[in-house]
Amino acid sequence: MLFQMSEKIIRVLKGVKEPRRAVNDFVTESAHKSAIFRGRHEVRYDICTGCDACNKICPVDAIKMKPLPIKRPNKVPEVSLSICIFCGLCEDVCPTKPEKAIKLSGGDINMITEGTEDALDNFWVRVDVPEEWIEEKKREEEEKARKKAEMMAKKKAEAEAKKKAEAEKGEEK
Amino acid sequence: MEKLKNILNKYETEYVEDYKSNWVKAKLKNKEDLLNLIKDLKEAGVKTCSTVSPTDFIDDNKIEVNYFLENLKDKKNVWLKVDLPRELENCEIDSITPLMPSAKWHELEAYSTYGVKFKGHPNLRYFLISRDYYGKFPFRKDFDWKAHEKNLIENVNSISEEFFEEYEENEETFDKEGSRTVLNWGPTHPASGPIRLKVYVNGENIEKVDADIGYVWRALENLAERKDFIGTIVAVERICFMDNPNPMICYSQAVEEIAGKEITPFAKFMRVILGETGRIASHLISMGGFFGTMGLQTFLMWCLDVREYFLDVLEDYSGARIATACVEPGGVRYPLNDYKAWFETLNKAINEWERVKDDINDIFLKNPLMVSRAKDNGIFTKDDVEEFYLAGPIARASGFKTDVRIDEPYAGYGELEMDYVTCENGDARDRLFIIVKEVNQSIDLIKQAMKKIEEGVEAGEMNPAKDHLVRMPRRMPAGEAVTRVEWARGEMLMHLVTMDKSTSPYRLKLRAPSVNHTMVLDRLISGKTLSDIPLLYGSMHICQGDLDR
Numbered sequence: 001m002l003f004q005m006s007e008k009i010i011r012v013l014k015g016v017k018e019p020r021r022a023v024n025d026f027v028t029e030s031a032h033k034s035a036i037f038r039g040r041h042e043v044r045y046d047i048c049t050g051c052d053a054c055n056k057i058c059p060v061d062a063i064k065m066k067p068l069p070i071k072r073p074n075k076v077p078e079v080s081l082s083i084c085i086f087c088g089l090c091e092d093v094c095p096t097k098p099e100k101a102i103k104l105s106g107g108d109i110n111m112i113t114e115g116t117e118d119a120l121d122n123f124w125v126r127v128d129v130p131e132e133w134i135e136e137k138k139r140e141e142e143e144k145a146r147k148k149a150e151m152m153a154k155k156k157a158e159a160e161a162k163k164k165a166e167a168e169k170g171e172e173k
Numbered sequence: 001m002e003k004l005k006n007i008l009n010k011y012e013t014e015y016v017e018d019y020k021s022n023w024v025k026a027k028l029k030n031k032e033d034l035l036n037l038i039k040d041l042k043e044a045g046v047k048t049c050s051t052v053s054p055t056d057f058i059d060d061n062k063i064e065v066n067y068f069l070e071n072l073k074d075k076k077n078v079w080l081k082v083d084l085p086r087e088l089e090n091c092e093i094d095s096i097t098p099l100m101p102s103a104k105w106h107e108l109e110a111y112s113t114y115g116v117k118f119k120g121h122p123n124l125r126y127f128l129i130s131r132d133y134y135g136k137f138p139f140r141k142d143f144d145w146k147a148h149e150k151n152l153i154e155n156v157n158s159i160s161e162e163f164f165e166e167y168e169e170n171e172e173t174f175d176k177e178g179s180r181t182v183l184n185w186g187p188t189h190p191a192s193g194p195i196r197l198k199v200y201v202n203g204e205n206i207e208k209v210d211a212d213i214g215y216v217w218r219a220l221e222n223l224a225e226r227k228d229f230i231g232t233i234v235a236v237e238r239i240c241f242m243d244n245p246n247p248m249i250c251y252s253q254a255v256e257e258i259a260g261k262e263i264t265p266f267a268k269f270m271r272v273i274l275g276e277t278g279r280i281a282s283h284l285i286s287m288g289g290f291f292g293t294m295g296l297q298t299f300l301m302w303c304l305d306v307r308e309y310f311l312d313v314l315e316d317y318s319g320a321r322i323a324t325a326c327v328e329p330g331g332v333r334y335p336l337n338d339y340k341a342w343f344e345t346l347n348k349a350i351n352e353w354e355r356v357k358d359d360i361n362d363i364f365l366k367n368p369l370m371v372s373r374a375k376d377n378g379i380f381t382k383d384d385v386e387e388f389y390l391a392g393p394i395a396r397a398s399g400f401k402t403d404v405r406i407d408e409p410y411a412g413y414g415e416l417e418m419d420y421v422t423c424e425n426g427d428a429r430d431r432l433f434i435i436v437k438e439v440n441q442s443i444d445l446i447k448q449a450m451k452k453i454e455e456g457v458e459a460g461e462m463n464p465a466k467d468h469l470v471r472m473p474r475r476m477p478a479g480e481a482v483t484r485v486e487w488a489r490g491e492m493l494m495h496l497v498t499m500d501k502s503t504s505p506y507r508l509k510l511r512a513p514s515v516n517h518t519m520v521l522d523r524l525i526s527g528k529t530l531s532d533i534p535l536l537y538g539s540m541h542i543c544q545g546d547l548d549r
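So the protein lines, in turn, are chains A and B.
Read in order, the letters of the first sequence are residues 1 to 173 in our numbering.
Read in order, the letters of the second sequence are residues 1 to 549 in our numbering.
Bear in mind the hints are in silico, worked out from the structure with no lab data behind them.
Just to be clear, a hint being listed does not mean it is correct.
Restraint ranges, calculated between C-beta atoms of paired labels, are given here [as the list claims (entries may be wrong)]: (1) B/Met499 x A/Ala161: 53 to 63 Å; (2) B/Glu344 x A/Glu29: 46 to 56 Å; (3) B/Asp305 x A/Lys33: 14 to 24 Å; (4) B/Glu354 x A/Arg11: 50 to 60 Å; (5) B/Glu454 x A/Leu81: 32 to 42 Å; (6) A/Thr49 x B/Glu354: 46 to 56 Å.
No residue lacks a Cβ here, since even glycine has one placed at the ideal position from N, Cα and C.
Chain B on its own, in the form it takes in the complex (with noise of 0.2 Å):
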């Protein structure tokens, strides 16, 4: 810390100070010095950008560019704010991405919804935002969405006929080198999601894969804003229906943390239970989606079946099976009664998952045709992780041992034993094989939550009608917050601001891991044949719903 603290006070800073327990916080004065400060920052070992969040502050006319580093390997980050002017034309700061290529597309969505050019980025260009928008920079204060809406109904014709342009041409030919074709993967594969990969190929060879995405994006960030701060868990939770809970539990983190409040022991222990139930539901789609994009959907169906008694337990506790909307800021939402009766589901559905393990190993996970497919497959090292921040499973099956539970403990998860579990290879199998061992380990997890619960019952500690939530205030004080949750996918991290005694989010950035996961695609599929992609791309477990947001 001192090392990274000696590093920021080297240049002119307006002040550097410790945030949380491994977060070093501090504002450049100047913005000129910042590539020179990332070069000396990556020396000392922090070689990763999480994400570039730009803030509107539209009465100071400033625009607060915030960036967060990060060094995964010693974990000790950074979270480093940089002023600009908010005019368009003077709105610009060097773009990070030569130094640091995971802030790629972080920074592309900054320059989108906000308008914040980056200098030197390789490609700089409207991503994520429809046609009609550009230049418009929706998430700033002064957007004018009715303009906009009125905008878009006159206007509807022409900004689909330049969609359908960019379908005409997809075909080249170069004499006897063979030809390139543009083939289009998605957005109506099968396999694919709402997503579309331009796939140049010649012949059956990969050359190049540009992904195009945006297809569900939602402005979920935009959404948040005009909520008030119980109702924004239901923008949140939207963000991937997989794994639903974890989203809300981040959220709830952040506005605790603004106003100051702390949550009671067992409302930790449920944030516990709630979220790895939503992690086993996400895993198990995971897995089965691994073999149905490789045309194998019996493993699917079996997934699913298991799926079922899981959101079982969800339905019970919150009345809901995909959106529950179960975690609210200062505890968990619903009072548990009876609490043997909710326990006992929980344990239906573990003991379902024990019954079918053995089965899933002999007959699926030693699957002579997906071993000979998937091993020695699409392999990333552990400098991939670092440079381009792959996160959670995908990071933990290179072997990079990273976990936000462990590193910053949030919830119950200090309490909890756990450690790291990896695999070595880091091959499209073993990004199969982690997602099951992480679903072991997550029922492990709730095994020990719900002894510390029925401990705490029993000493007369817990109370589960009544200790649920604790009462927030309705209108927060004036802060910010920065809150990271191990999601199913990887690192979720929310950065929320509020104003004094507001109602609502000032401005809610996520951050989500599917972003990095789908811009490392290029470098994946690239020099492989067309068979691979949907093998590969299953195997990064991709939710489009994150990936837009």
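In isolation and in its complexed conformation, chain A is listed as follows (with noise of 0.2 Å):
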């Protein structure tokens, strides 16, 4: 009796030493991998345009846009996963080459998002634009838009020069 109950015991502890053979976390890990895989999006800020093409072409209307405060891009996407159905046309559609603004191909087959643990209403794939990269392309606007003007300016005063020498020259005749 006891020795039977020995050899029990013995046998339940040589098994929790062996190796589990399930041990492949699914959440992660999916058990066929292919390249293209259509998982959750990645939304690059840097590159995107603003053109909005997303947006309209999206089956669902999971898109929606975050307006930013400048000019370009005056907006990003932000995806709902909750009614994203993964077709991936909002990629096919994104205008930026080499690489797409938004991308889902190749994404990750994990779709909690930051967030999500406190409310389940926030499952979305959200864009963090740091304030540092909006004041430096704000920067960047303004010294465009004021050389813009400076040349515009130039160009301006040239014009009116031009005219100008027309006028007397038309004069002197």
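Please assemble the complex out of the two chains, which come individually in their own frames, going by the hints.
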């Protein structure tokens, strides 16, 4: 009796030591991984042009455009993962080259996003645009606008000078 | 063809013209002539009605009803149009159901969604749509979806109350003659899927079966009207998840026909491979489901195991396993940068099937329990096929030679060698055998298409990385097209209407085979015993996705 019990206990203890066969974590690892698996989106705010094409083509209206205080991009896409059907049409129409600003293919199978733990309706691919980047862009834009204004003023002055010269020529004749 | 044209010319028509190779398109002037014309056509061999599809032209204030009538033996078909006034009181036409029983549920569907009344229909009722739509006809162009939603939210209690009442009274006793009980088979039965069969039984004997459908009605035909031409593929592919690429092929063909574009040879053979892979994936579930409904789950697991390999093929190509969205108007959606690696996955899947094929044959197809239950049970004759338009594998199990891939070749099928696969008896066992035969045929077709692509690449005629898509115009011209494909469970017909310079379909009618296969359940199961229901139901390979749409 005692012998049988101890035998069983030893057998169970042996089992604990042995490596387990089912150790794949299917939350992060899929059984078959395709190189273009359409998973969670990646949105690149730095190359996005804010053209709204992805929002227009989305067949289920899962994309909402987040407005930015700069001119280009003036908005970037954010995707609601609870509505998205992962058809990938947004990636197809994205005009940026060679990399797409919104990308699903090769994406992650793990859909849980930051904030999902706090509230289940917070199931979004959010775009966090750093303040410094916006400031920098703003400065660049101001610079551009200033240069443009200068160029315009220069051109205007040149044109006026030309006109004047022509008018003077006409008078001389 | 001339014979059909002569018959049509006897009546007052606006036009009679050829359409594609085996259709005659005609428009009747007077709707009173319809029944006589149908009688004449029936004598000429056009015995089946594929579907009835109304189109709502709100600007012209008319509803145009399209009848698609088919001669399954000679493959000569008629596309008939009749104009009706749009006002609800006058919007009526003679029912063709007494002459062609296959139109029964299609007419009900047209009535429920467009309000076209069919005079003389044996049981004209609201059908498919849920109670909150009654009397409102949701597919008409002036239907107010916002107001409907508001009404639904306000009255949700009374709507569901009505539903519960239907379940209350289920028993009747007739003294010595026994009793009649109404059994609800489904929607939560393990074998049923989202459908409810009201089975009227006396003891164990089944007297009548009444199917209650519409549990997964998503109004896909209407959803398609709200998306653009490319976005529609995601609505179309959701008809049924089991065979995914074929509905998209059908829809894409219709768009290409209206735009007048021709796709590349590479895209044609890719469509063959994708379509056949989808067919195999669907057939493997059908096969396993046949045994699953009998209570033998082992075979279902075997089939799902093999199916995974074929889903890997789809995933490697498109990036998704079930909802692939891999075919779009103009060709196929993705380039094949490394076609050899993809063919490797394909070969792996084919080898997996070849490996288990013999075991399946020995263990399951000769299974004595299955044979004793399914042999000579639920027989369909060739006449039944024509009368009720059973399509695809169900028709071929009865020995009827019909297959859209051969009758009206599309994609690359015209250049491949294939023949009709048929069984003889048309009983439940043959409807299982035909599925296995078709999987083998599909694998043969895939191999042929792979060879064609390899030859094309070697000869420098095809470039898998570039040839996949032809550029389509963003705005379509006005037009309409009818296309058919051989889907896993039968013929799928799509009728697409576009307006000039439109960016989305004006009307897309989806005709799916499970409607007719569910319609004949009453005839199939009545007179049998209760234990036959799961078996015979499983043998029809019905999917509720394409039944309800």
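Hint check:
1. B/Met499 x A/Ala161: 53 to 63 Å: holds (56 Å)
2. B/Glu344 x A/Glu29: 46 to 56 Å: violated (22 Å)
3. B/Asp305 x A/Lys33: 14 to 24 Å: holds (19 Å)
4. B/Glu354 x A/Arg11: 50 to 60 Å: About 41 Å separates the Cβ atoms of B/Glu354 and A/Arg11, which means 50 to 60 Å is violated.
5. B/Glu454 x A/Leu81: 32 to 42 Å: holds (40 Å)
6. A/Thr49 x B/Glu354: 46 to 56 Å: Holds: the Cβ-Cβ distance is about 51 Å, inside 46 to 56 Å.
When each numbered hint is compared with the structure, violations occur for hints 2 and 4.
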